[in-house]
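Engineer: Taken in order, these protein sequences are the chains called A, B and C.
Numbering-wise (the working numbering), the first sequence opens with residue 1 and increments by one.
Numbering-wise (the working numbering), the second sequence opens with residue 1 and increments by one.
Numbering-wise (the working numbering), the third sequence opens with residue 1 and increments by one.
A portion of the hints provided could be inaccurate.
Claimed, not checked - Straight-line C-alpha distance at most 30 Å; calculated DSBU-like pairs for lysine-lysine: (1) B:Lys-164 <-> A:Lys-109; (2) A:Lys-109 <-> B:Lys-217; (3) C:Lys-331 <-> C:Lys-315; (4) A:Lys-214 <-> C:Lys-131; (5) B:Lys-217 <-> A:Lys-234; (6) B:Lys-143 <-> B:Lys-217; (7) C:Lys-315 <-> C:Lys-351; (8) C:Lys-197 <-> C:Lys-473; (9) C:Lys-277 <-> B:Lys-143; (10) B:Lys-250 <-> C:Lys-131; (11) A:Lys-17 <-> B:Lys-217; (12) B:Lys-143 <-> B:Lys-250; (13) C:Lys-632 <-> C:Lys-331; (14) B:Lys-8 <-> A:Lys-129; (15) A:Lys-214 <-> B:Lys-217; (16) C:Lys-310 <-> C:Lys-595.
Keep in mind that the hints were calculated from the coordinates and are not lab data.
Bear in mind that the values here come from a model prediction, so they are computed numbers and not experimental data.
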Amino acid sequence: MATTGIDTPGRAQVGVKTLRQDAWWIQPALVVLGLTAFVAYGIWRVFWGSHTYYSAPYISIFYSPCIASSCVPGADEFAFIGSWWAWTPALLVAWIPLGFRLTCYYYRKAYFRSYWLSPPACAVAEPRKNYTGERRFPLILNNSHRWFFYLGLLLALILTYDAVLAFRDPQGQWGHMGLGTVLLIINAFCLWAYTLSCHSCRNTIAGRLNHFSKHPVRYRMWTIVSRWNRHHPKWAWISLATIVIADYYVYLLASGHLTDPRFF
Amino acid sequence: MAYTAHFKVWRGDGSGGALQDFDVEVNEGEVVLDIIHRLQATQTPDLAVRWNCKAGKCGSCSAEINGRPRLMCMTRMSTFTEEQTIAVTPMRTFPVIRDLVTDVSYNYEKARMVPSFAPPADLAPGDYRMAQVDVERSQEFRKCIECFLCQDVCHVIRDHEPNKESYSGPRFLIRLAELDMHPLDTVDRRDVAVEDHGLGFCNITKCCTEVCPEGIKITDNGIIPLKERVVDKRYDPVFSVGSLFRKGQKRSAPPT
Amino acid sequence: MVGLAAKPYERTTTVVTAELERHTYDVVVIGAGGAGLRAAIEARSQGKRTAIVCKSLFGKAHTVMAEGGIAASMGNVNEHDNWQVHFRDTMRGGKFMNSWRMAELHAKEAPQRVWELETYGALFDRTPEGKISQRNFGGHEYPRLAHVGDRTGLELIRTLQQKIVSLQQEDFRASGDYESHIKVFAECTMTRLLKDKSGAMAGAFGYWRETGRFVVFEAPAVILATGGIGKSFKVTSNSWEYTGDGHALAMLAGGTTINMEFIQFHPTGMVWPPSVKGILVTESVRGDGGVLRNSEGKRFMFDYIPAVFKDQYAKSEDEADRWYTDPEHNKRPPELLPRDEVARSINSEVKAGRGSPHGGVFLDVSTRLPAEVIRKKLPSMYHQFMELADVDITAAPMEVGPTCHYVMGGVEVDPDTAAAVVPGLFAIGEVSGGMHGSNRLGGNSLGDLLVFGRRAGLGAADYIDKLGGAHPKVVDQIIDAAAAEALAPFREEGGENPYTLHMELQQTMNDLVGIIRTESEMTEALGRLEALKVRAANITVEGHRQFNPGWHLALDLRNMLIVSECVARAALLRQESRGGHTRDDFPQMSAEWRKVNLVCRVDENGVSIARQPLVPMRPDLLDLFEVDELEKYLTEDELPGGGH
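Make the full structure from the sequences, and use the hints.
Structural biologist: Right, here's the structure in full:
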């Protein structure tokens, strides 16, 4: 049978899809496990978490900024969307981090390899007959990463603000701190690390320039971003974990399973 | 230190072939290419293999060793156990000529489609001034030894022969990136990258970077920055409107 | 299997010339290294239709192995540099055996050739002012080598390759055909040059490696750019292509070679593990601060500064170390003596029992430079040792020893046009002789490729113009003879194995005509070569003609044997030690022998050597040297003023 894949006539007919002897399937399998678990967790929190996303002074990242008037008191600082919004307020903001990560150059590698099996691992033949890449709808939308990066910056600012607000006690008095404060700070830091190590950030800072020598400050920043950029995949996973940890902590407080240990 | 290793070497040509078994002596410090040469000298004098420098500098002895695209001269036998069977096949993305030798003319055709370096017309030889920091990014890509392992591993063409027509592969995407980042080049190759070289085919699964024997960060430093530069022009209205008012714009590439 | 592969060679046929693949060009360049590509660019720029024929793929030539840089007196790092200084260094390096005219042209034109590369897109390392950076190298008085890390040769070949592509793009825009004016015939080996009845060059004959089919190029001008002969030696930095093809082709066509006894053994090749023995360790390691030590930890090079150089090199480690930062007021370290001196010194240390565990000496950069700087300045050396020898050069010394690197000798040419004695034949780069005298300075090879590559392109164009359209015609019988010769290895069964013969040849040359030579050993070598020639006539190749490396080696062996015999005969004749020719039985340099070139020829009686006087240096060039330096090299009556 004529084929257009690895056994295309004229190429060396080896007869197997790959001769790799190592456990090449472990990595994609782990990615599937990790990402699927996160997505499941996220769906649960977005659709079934509308009563457990705020426990003063902490707000869950899935709901921040809470911009609908239906937001619970204390979490509704940015509310500007009227009561006509009937669904969970998480939907109003969750698309931003979702879009940012879906279009991220690292996550693209991760999901194209693990879910699409395109390819499942290097030099392991992919099962599909056709491949058109990111040239058509919807995958051409991956070019919008830039825009999600801009929005991601905004979100990181807001989450930093949330972490600052966490230096209050449940009554709104400043100068206090609990375990939740620490978790929100760590989470905000990891999100900054993920956001600023992004490839779009690298391009925006100075990557698009051809004369670094004429922009010494931007070049200096570029070298820093480039250094962090090498660890972008790491930050992608770490920040995913800190999101879950910080959010689950808020859930535990809001649902009354736990009381926040206060340091001062 | 010497031992006998078990090899399976693919032999045949475009009309067919198979893995053939060989038992062959291995000595300390040897690489896979040494073993292939020993096979030629002692067991199968007409075993076809392409090689030149045997020092990882020319990029001739590309093949697949236990399914992984590698330079035979840079794959040490000490990375395998003495019991392990070592399978050597030609690169599986290109048509095979004979045994381990493939027809890599695809790459030379794509190379011809890259608009060449175009310095400013009024700049005399000897007057070129470029800062080291400005040439370093392009220098990284010029480390390329054209072994074509990145092309071999790229699933866009490895698993989809018809894509060869509209996609040039990682080697030539970094060539485009190299020229686009050249501090004295005057041509804008971003549209060419998308339209003639199929930049959008790449889904950045990074196998090219994994196999590069020169350690070039093909994806992170070449293809992604090129994609971002294309976004600057095509998908970022704020930036592209802004750039209309900026000086020193490159002109579009001439047809090649 | 189908096609040619299915049919073993039919033993009775001769080639029907009418069925041959034939191509007609103005210029055929054999070899696609730096010299060949530069020549092709020039020939095409002169409007000549040009074919480039090469044994390997386009862009894989041996030039990629060059590491250090291109010597050109641009004066970017030290403004005192100029062509006169470069000329002096070249002549000193070659122990005044050089063709002074070639050395002069090279020194004068190298800067332009380097700058030209930038217009083709080359990206050299830069000085703080943005000019091309230049580094120190053995035998060069000032930092002079334009470089890109330690992969300058790769940059050179890629730049020229891409320039050719850009010319093809121009041709495509003009004619609709990329290959209308310049075409690369890759993996195609030439086995004979073809002449017309008058003895003028008419083309070349060879075979496609891929299919084994024969091909004839008809062209009035043939430029040889085939590189060197290192594969006749066991320990060599050269690739498989370096089988002396051009040297042999030229001599078989009536051309001559000179200086074949001068072979450069690069002082620093890898010595361990055995499979990489001979692979080059760039001289930049020493230029950037690396030092040589013996097993006692001593920097032994201070004991080996020869009299002719004693005023130019440091006498103490302190002074030598100061030189790296203050070259104005200190003399350079003796590690940077010309290559022949360093190679001999290492050889002596090892023989005296002060070598490293694997029979070399230590080259240490780890205690001299920070790890970061080493990785930056010597990336491919770092990589090479890490990958192939498991040695981290930022933490431990390298083990190095001499390796056969370059043949100074080559086809005798006219300095200005690179024309050989056969009309229409040109030779450039390593296959040409004269430029480097008895010893080549590091960095002078890449400049040589560019300067004389361009000159040969011009020379060939000029030669064709003078022919005025009357192109020489190939004689068909010669083609038949060439085809029969190429197929001979298939004829016999049960004959000699080409791989075995090759190994024996390499062992012979390495042991008996190597870095240190004596009359008795070379006489023995000639005897063995004679026997090998007889056995080579009886080689048998298995399999068929399609990409058959055994067959290719069998054909290359003819060239290696011819060239090896030239080397051995010339070396036996020259009774002195000079540059790349060291005689244990004649350890001194002789001013009388300096006046003599040994010219090698091949005719029906085989290889022969003749003496030929060296052309005396032009007085204005002679004036560039101090008389007391000239006295070390020249006879009294050659000195300015006729001696006094």
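Engineer: Keeping to a limit of 30 Å between CA atoms, is the pair of Lys-214 of chain A and Lys-217 of chain B held or broken?
Structural biologist: 25 Å, holds
Engineer: Given the hint that Lys-143 of chain B pairs with Lys-217 of chain B, does the C-alpha gap stay at or below 30 Å?
Structural biologist: Holds, because 11 Å separates the two Cα atoms, which is no more than 30 Å.
Engineer: Decide if the proposed pair is consistent with the structure: Lys-17 of chain A and Lys-217 of chain B, CA atoms, cutoff 30 Å inclusive.
Structural biologist: It holds: about 27 Å lies between the C-alpha atoms, which stays within 30 Å.
Engineer: Verify the proposed pairing of Lys-8 of chain B with Lys-129 of chain A, using a straight-line Cα cut of 30 Å.
Structural biologist: With Cα atoms ~29 Å apart, Lys-8 of chain B and Lys-129 of chain A stay inside 30 Å; holds.
Engineer: Assess, step by step, whether the Cα of Lys-310 of chain C is no farther than 30 Å from the Cα of Lys-595 of chain C, and give holds or violated.
Structural biologist: Answer holds: Lys-310 of chain C to Lys-595 of chain C is near 24 Å, not above 30 Å.
Engineer: Does Lys-632 of chain C pair with Lys-331 of chain C here, judged by a C-alpha cut-off of 30 Å?
Structural biologist: 21 Å, holds
Engineer: So if I understand the rule, the pair passes when the alpha-carbon distance is 30 Å or less; does Lys-217 of chain B with Lys-234 of chain A pass?
Structural biologist: 17 Å, holds
Engineer: For Lys-197 of chain C and Lys-473 of chain C, compute the direct alpha-carbon distance and say whether it is at most 30 Å.
Structural biologist: Given that 30 Å is the threshold and the Cα spacing comes to 8 Å, the pair holds.
Engineer: Sort out whether Lys-131 of chain C lies within 30 Å of Lys-250 of chain B, counting only the CA atoms.
Structural biologist: 23 Å, holds
Engineer: Just to be careful, I want the Cα atoms of Lys-214 of chain A and Lys-131 of chain C compared with a cutoff of 30 Å; is the pair within it?
Structural biologist: 16 Å, holds
Engineer: Run the distance test for Lys-277 of chain C versus Lys-143 of chain B: straight-line Cα separation, threshold 30 Å.
Structural biologist: It holds: about 24 Å lies between the C-alpha atoms, which stays within 30 Å.
Engineer: Holds or violated: Lys-143 of chain B and Lys-250 of chain B, Cα atoms, limit 30 Å.
Structural biologist: 25 Å, holds
Hint compliance for this structure: every hint is met.
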